[in-house]
Every structure is written in C-alpha cells, then in structure tokens.
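S.K.: Now for the letters of each chain:
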Amino acid sequence: MTGRILPFAPLLAARPAESRPVLGGFGRVRRPTVAADAAPLDPREAEQFRRLILPLMDGAYNFARFLCRDASVAEDLVQDAFLRAFRGFRGFRGGEPRAWLFAIVRSSYATWAQRRDEVHPDPEAALQATPSDDPSPEAALVRQSEAETLRAAIMALPEPFRETLVLREFEELSYREIAAITAAPIGTVMSRLARARAMLRVALPLEDLRP
Amino acid sequence: MSACPDKEALLHGLLDGELDAANAQACEAHLKTCAGCAQAFGELQALSARLATPGVAFRAPPELRRRIEGAIAAEARPPRRRLWAAAPWALSAGFAALAASMAVVSIETQTLTLADQLVSSHVRSTLASHLVDVQTSDRHVVKPWFNGKIDFAPPVLELADAGYPLVGGRLDYLDNRTVAALVYRRNRHVINVFIWPSQPGLTSWPGPTGRGGYSVAHWRSRGLEFWAVSDIDAGDLQNFRKTFEARAPA
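Line by line, the protein sequences give chains A and B.
Note that the numbering used here gives residue 72 to position 72 of the first sequence, counting from 1, and the numbers run on in steps of one.
Note that the numbering used here gives residue 183 to position 183 of the second sequence, counting from 1, and the numbers run on in steps of one.
Read the hints as simulated data drawn from the structure, not as lab findings.
In this text the structure is predicted, and so the values were computed from the model without any measurement.
A virtual CB, placed ideally from N, CA and C, is assigned to each residue, including glycine.
Take every hint as true, because none was put in to throw you off.
Cβ-to-Cβ under 7 angstroms is the rule here; a few derived chain A residues that face chain B:
id, residue
1, Met-57
2, Arg-65
3, Phe-82
4, Glu-169
5, Tyr-175
6, Ala-194
Here chain B stands alone, though its shape is the one from the complex (with noise of 0.2 angstroms):
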C-alpha cells in the first residue's frame, strides 16, 4: 500500500510545517480516509523520530571547540606593531643582541596573548551568569571552598571596609591551567582576580594597562601570579592592586 502519487509532496509538508492551515486541514483529513497516505505518514513519522534519536546526530569534539575559541581570540586581537621593525639597533648589536631582543618579543607575544585571555575571561564571567561559584561576602567561606579543588591556596580578603566588597570565588581556566579568580565589586563595576601558582624562570612583564576598554593589572607575591581585571580605569585598578597587596599576609 502506498500514498496516492498527487498527495506525496502534501505529506513531507504537513510533517515540516511546511503547509498553510487550510493545506494542513485537508491534508490531515484526508489522511483520516486514505490507508495508502496514512501508512506512508506514519513511516515519514517513525523516520522522523529515528533520526532524532540521540547518538545520531554528531556533535562537536571538545578540543575543536576549544581550537575554535582559541583561534577566534587570536583573530579578535588587535593587529600588533612589528616590534623588529623599530628595533633597527638590534640589527648592528650583533647575534647576540638580536637574540636578546627576539627572547623580549616572545615573552612579550605570550603576555599579551594572556592579557587577551584575561579580558574574555572577565567579559565571560560578567555576561554569562557565571560569576562566582561560590556566592558569599565571608571569606572563611571561599577560602575552604578552593581547598581540593585546586592545588594552591589563594590569599581570600575582604576589602568591603576600602570599599571593594567581596562576592565570591570562582574556578576558571586560562592559560592551559585551572586558576583561581576572586570577585569584587567596585561601586556597579566587577573586579575579577585570577590566581594561579608562578612559573620559574619567567621573568615577570608588567603587561599593558589597558585592552579595550578593559584594565588589567599584574602583581606577584608569595610565588603566586595575580591578575586584575575591571572596567574601572586603570588608575582605580592600582589603587585596587596597593590595597590588595597591602593587606595579604606577609
């Protein structure tokens, strides 16, 4: 038994909605009448609901995923000077100076390259509600929060009497690692912190001040990276950075 040849096309559009309402009236109707249309229907149905079945349809792998972002910050990037090109001293200073410089360059392009990291970071952190996965003002409550979780323990302070109250804690990932970001609020302005253990043998770069409208600010203390993060400017988010440094255990 089969659908009668003129009602064919009718039927894949009734099952797409693709039919106005007097064409799907009908349609429906007669397939109330016509075994033929009815079967057929059903096998259109039954096909339908198979391929929706889940495991069918393929999904993204994680790390194109992550390739995909990560390519698509680099693009997001402002093209950068070519360093080289206003070195020309490093020209005539012989190998070992152009050496030198070309070791400045590639800390400099992986800084930079993080600064960007740090910004989406914050942007994420600010419009996707996810801000903080621990939300409290207490910082015996954040801190113990980080333990396991992490394998370093960041200094948790409550800076609400300098007007910079605290609203949580938050995992996150930068820079091939999970770090440790500590939320603040300043007036109606978020203040991200990201966290995670030094490196030996990188020599710190202070970093640029400012990305976009964003500030960042750098510090290290105790072996510990820190990273500050705002849309405050960037005088506001030093003035962050002394209280913050001022007031972590010695």
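Same shape as in the complex, but just chain A (with noise of 0.2 angstroms):
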C-alpha cells in the first residue's frame, strides 16, 4: 500500500512535518494546525477518524485538485493531508470536520507550492512546470463538455480568487470557515467571492450561465 514514489515527495520530505512553516494569508507564516503526537490513535480514536474525516475525501480532493491544477499531485496532496489529519486527529477540538481537514490540505498545497516555487524561482519556468492536466480519451471525446468548461473557468482564475469560489460553491462552508481555512479576513473573503464570480461571469458565455 505504501509502495507508490510520490513524484514530488522529496518536497513535502525535505522537512520534517512539526517544523514546516505554511504560508497564511498576507505572507504571515502559521504553524500548521495539527501537532505530530507522539502516541498512536487507540482503536476509539481511528475508528472516530474514520467516520468523520475519511468520508470528505471526496471534497478534499476536489479542494486539492481545483488549488493545484493537477490530478497525480492533488492525489498526492490528499494522501500527505489525510495522514497529517490521522497524526494530528487529538488536535481536532470538534467543530466543522471540513474546515478542520481543508486547513490541512491547504497547508500541504503550500508546502508544495512553495518548494515548488523553489526549485524554479523564474515565474516563467515555474508556469512551464506547473503540471497540467492531460486530457484522458474520454475528456477528449467530450471535447469541453459543460462540466469541462465550467472546470477550466474555474481552474483559470487567480489562486485565492480560486480557492475561495471553490470552498463556497462546492462546499457550502460559510464565510467564517473559509475565512479561518484560508487566513484572510472575512471581509477579504466577501470580497474574493464576489470577484470570482464577477470573472467567471465574464469568462463564461451569458447563454452558459442560464440554467
């Protein structure tokens, strides 16, 4: 099970997971929110992990996928934020699981992003590797159904413009969750919400936005 190379696991390896800074909003650097516990879960505790978490492995992976813009490194971000998430459960003081868990995925996302960024410190190289999807033969016969559409507008805005529209539309998570998730003030949030759904008004065609 543990067998698979992650193809960028040396990134998220570099640094042992207590001591990684993430990148909050405004460039203020959070610790992450879950605390490597010495101590494994008892048997309670995972089962109490699985019924609360891994049922939103769906959302977090379309979190994961709409920040970072692939599909083999969403996997990936998924898998490293489940099993911080796992370590990390005792951290998880109730509340909304989903904000719990997307502030995770989010902080692996920066992790990568900003490694990534590292490595090519040239914003035009770092667009050249910036993976993109391939379109599998289905997505090809399909040549940009709707739902395809949708998705590129999407995937096309600007990254907090991005995420914001992703955990309000997809998620439903309130303007408090998604505030706490991504570091910013609320009002920043209202903000970022309503200029990503100016664009996406923009991008896609009027007689697309008619149901």
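Relying on the hints, combine the two individually framed chains into one complex.
M.R.: Here is the structure:
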C-alpha cells in the first residue's frame, strides 16, 4: 500500500512535518494546525477518524485538485493531508471537520507550492513546470463538455479567488469557515468571492449561465 | 443593466445565506423593485446552479481511497519491536542464518498486517450496519448464496446448539482478494469468520491472539484459511475454533 513513490515526495519530506512553516494569507507565517502526537491513536480514536474524516475525501480531493490543477499532484496532496490529519487527530477540537481538514489540505498544498517555486524561482519557468491535466480519452471524446468548460473557467481564476470560490460553491462553507481555512479576514473572503463570481461571469458566455 | 453598487455585497450574502433575517428581508424587498439587482441576483443563482451540476466537482479516485485507507491502517498499528535487535545470535550465526531470520521477519510482518486488516474489517462490520449480506440462521441458505460470488466453497456450519448461532454471511475484501465472512454470535458478541483459499508455499504462522481488545484465532483446513475475530476473550474464541473444527466436514 505504501510502495508508491510520490512524484514530489522529496518536496514534502525535505523538512519534518512539525517544523514545516506554512504560508498563510498576507505572507504571515503560520504553524500547521496539526501537531504530530507521539502516541498512536487508540482504536476508538482511529474509528472516530474513519467515521468523521474519511468521508470528506471527495471534497478534500476536489479542493486540492482545483488548488494545484493537476490530478496526480492532487492525489499526493490529499494522501499527505490525510496522514497528517490522522497523526494530528487529537488536535481536532470538534466543530466543522471539513474546516479542520481543508486547512491541512491547504497547508500541504502551500508546502508543495513553496518548494515548487524554490525549484523554479523564475515565474516563467514555474508556469512551465506547473503540471497540467492531460486530457483523458473520455475527455477528448466529449470535447469541452459543459462540466469541462466550467472546470476550465475555475482553473483559470487566480489562486486566492479560485480557492475561495471552490470552498463556497462546492463545499458550501460559511464565510467564517472559509476565512479560517484561508487565513484571511471575512471582508477579504467576501470581496474575493464577489470578484471570483464576476470573473466567471465574464469568462463564461452569458448563455452558459442560464439554467 | 447591473446591480446597484451599494447592494452588490448584499446580493452575495443573500445567495450564500449569510444575511441576518432583517437584512435578508430588506434585500428581497429591494429585488422586487430593482430590475438591475434582480437580474444580477438571477445570474448569481444560475452560476451556483451550474457549478452544482454533477461532473463539475472532482471526486476522489477509488484507488486513492484504498491507498489512504491502507496507509491509515498501517499508521494505526502500534509500533513494532525491532526483531533483529532482539536476536543478536543471528549476527554470529553467519549469513545463512541471517537470511533465514529475515524470511521469518517478513512473514511475520505480512501476518501482522493481515491481522490488523482482519480486526479493522471486523470492527467495520459491527459499526457500519453491514454485518451480513445474507441474513439467516439457515446454512442451506447461506451456502448457496456464496455460489458464483467466490471461487471456493466455504463450509457453513450451524453451531447454535453449541452456543454460537449463525447470523448470516457476507462478502469482504481482505489482503487483495474477496473473502467469505461467516457471522456468528456468542451471547451479545459478534464473531466474524473470514475464509479464503490457502496460498501454496506460505507457511502458517499462528498469529497474535489479541489486538487492541480483539481476539484473533487462525486455523487451516482442507486448503482453506480460517480467521476468527471477535471481542470475546481469547480463550472463548479458541473454544469456538475447536467447535468449528470439530464440526467441519472431514
């Protein structure tokens, strides 16, 4: 099960999980919300994790996929996030489990993106290095189906707008929860969301927006 | 035509259910009288509806799900003693002995993983209201139910007179294969018996008898592997094993 080699494993493994700084909004450096706990979870805790957190995998994958814009990187990010979530499950103090988990997914993404940018300091090169989804045979067949068009329009949004929109439209998280996940004030969340929707309105032909 | 500049934020708030009752009412009243805002709000609603269409949000690939569940099962395992540290004699006994001891370690590791999978599967079956696929105490119903679903015929025994009523049967997935699970009860406890064909060449390792409060018993008969898992104590589970073995067709 653990034999698969992650394509960006060196990026994540470069620093121990506890000491990895995570870039929050506005360049603030924030510690990850998970603290690695030395003692393994007892079976009751592990079962609680399976019940509360594992069912959130679709949402976590969707979030990671829209953040990094690459299918296989998204898988690795989600796997990394779930392992960190499992190890730090005692740090979960109730509340909305998605908000807790997604903050970890975002932190996994931030780590990956930071290392990627260190490897490619040149923005032009970073752009080249950003993996892009290869169209699957099915995707080629239904060339730019409606869903594909919508996905592509979201993927084209700048990152802060993209992540805010995804958390609101797909996960229906509250402004407050989105603010906590993205480490931004609520006012910023609101303006990013309005801006993201305005950009989508421009990017998508008007007839595409009519139900 | 576009929304009133001072109302734009309110429209998003209304759409997202973030307005308090008073503001929501005021905003809805405004929509009735302002065509620009009404159109803008309609577009926001249409965009949300479009994004909610199936196929827009990504779903986690099943392979990823399996990988994460496996990784978590491995994490949940208590740290293991380093066997080679406890066996310094292996160093002095030469290369052949070392190689032999490593083979033992690898078989043991594999079996430990399996025992953990068995316990997890047992716990899942009792929690997820997926105890049985076919619920009946009649072995003549359970046995044919497995036909065509698996490529071997597990012995289905009625043990109610010995204090282990049959609850039913289930298909489960363990160690990369589909296995048969028979479910028995002992008083208020559940006993899962997982059955699959033995693999030639692998020597049997008796396996641990306890795992986080669960008892595990293993035996082998007529080319099949049997693993019983329950939260009854290890001695009781061994009695169950003896009863099962004694009743199994020879």
